[in-house]
Amino acid sequence: EELWPPGAGWQRHNADIEKLDRYANWFLEPGEDGLEAFIQASQRAQAAGLQILIEHVRRRKGLTGGLAVWQWNEPWPSICWSVIDYFGRQKLAYETLR
2 EELWPPGAGW
12 QRHNADIEKL
22 DRYANWFLEP
32 GEDGLEAFIQ
42 ASQRAQAAGL
52 QILIEHVRRR
62 KGLTGGLAVW
72 QWNEPWPSIC
82 WSVIDYFGRQ
92 KLAYETLR
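So in the working numbering the end of the sequence shown lands on 99, straight run, no missing numbers.
I should point out that these hints are in silico values taken from the structure, not numbers from a laboratory.
Treat the hints loosely; a few may be bogus.
Claimed, not checked - With beta-carbon atoms standing in for the labels, derived distance ranges:
1. W5 - V58: 33 to 39 angstroms
2. I18 - A49: 43 to 49 angstroms
3. L4 - G67: 20 to 26 angstroms
4. V70 - A9: 17 to 23 angstroms
5. K20 - G63: 20 to 26 angstroms
6. Q91 - I18: 23 to 29 angstroms
7. H57 - R90: 35 to 41 angstroms
Don't be surprised by glycine CBs; every beta carbon is placed ideally from N, CA and C.
Please work from the sequences and hints to get the whole structure.
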C-alpha cells in the first residue's frame with residue numbers, strides 16, 4: 002500500500018487528509034518533507050493541542066472535575082489520538098500527560 006504521499010490508501014482508512022495536513026503544516030520545520038517529517042509534525046501538533054487542553058483544565062481547577070484521556074493506545078496501526086502507538090511506543094504527546 003502506498004504510504005506517501007497521502008492518497009487512496011489513507012482515505013480507505015478514514016484519514017481526514019486535509020485536517021491532518023493543516024495541523025502538520027503548522028509544525029513542519031523549514032526544509033522538512035516526506036512521511037517521517039509528516040509523522041513528527043503531526044505528533045508535535047497533537048502534543049501542543051493536548052498541552053493547551055491540560056492547561057485550560059488546570060486553570061479551571063475547582064470548576065472542572067477532571068480530564069479523561071480518550072484512546073490511550075491504538076488497537077491497530079492507524080492515525081489516531083492515542084499517546085501509545087500500536088507497537089507500544091510512546092508518541093510525543095505521552096510526555097505532555099506525564
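Hints and how they fare:
no.	hint	in the structure
1	W5 - V58: 33 to 39 angstroms	35 angstroms, holds
2	I18 - A49: 43 to 49 angstroms	20 angstroms, violated
3	L4 - G67: 20 to 26 angstroms	37 angstroms, violated
4	V70 - A9: 17 to 23 angstroms	32 angstroms, violated
5	K20 - G63: 20 to 26 angstroms	34 angstroms, violated
6	Q91 - I18: 23 to 29 angstroms	25 angstroms, holds
7	H57 - R90: 35 to 41 angstroms	27 angstroms, violated
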